[in-house]
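Asks: Sequence:
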Amino acid sequence: VGVACLDRDIDFTDGPACARVARELELDVDGEGRLLSRGQVVDMDGLLGEEPGAAASRVGQLPEVRQVLVAAQQRIGAHWDLVTEGRDTTTVVFPKAEYKFYLTASLEERARRRHGQMGQTQCEESLKDEIVLRDRMDQERAASPLSLAEDACIVNTDGMSIAQVVEALYGRVQAAAAALDPSQEHAGE
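Its first residue numbered 17, the sequence shown is counted upward by one per residue in the numbering used here.
No lab work stands behind these hints: they were computed from the structure. Every value quoted in this text rests on a predicted model; they were computed, and no experiment measured them.
Derived Cβ-Cβ restraints for the label pairs, each shown as a range:
1) Lys112 to Glu146: 28 to 36 Å
2) Arg54 to Gly187: 31 to 39 Å
3) Leu98 to Gln155: 21 to 29 Å
Backbone N, C-alpha and C fix where the C-beta goes; we use that ideal spot for every residue, glycine too.
Kindly produce the complete structure, drawing on both the sequences and the hints.
Replies: This is the structure in structure tokens:
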């Protein structure tokens, strides 16, 4: 939504206009888990970088935009089994999710990862400042602030690759499922 508002020169403080853009995007997912806008696959690489990230954070603070996006995510979740991530996913979007994880990492680790994602075009120290600012903005926003769900499992991902994080989360889901139904202890292996 932030990139779409940038592309259309929409003022980030104009909640109704940004919400209109969010609705016009007609967000959905396909059977392969790819994000769609108006039926077309979204180029996720175009959403990385400093400018798209800042735009997303700014429009994501608008209650009107949050309302549109939460409704879209819930509509998608009603039709698909999902693994989702987001700063309010387990508290606002899917508060009744079966499995909830709160991923955390040190500021240094987050800056290192972001540096790698951005093709090393920005120094890690300035990235740290941006991360701290975005965290504060997301924690203090009026609509859907970043917070920890009481029933979420906290996972520190320092030093872990994406594959290792997925493996750790999958292991916890399997263990929880086995605790509920011991016949499922080795399912999926």
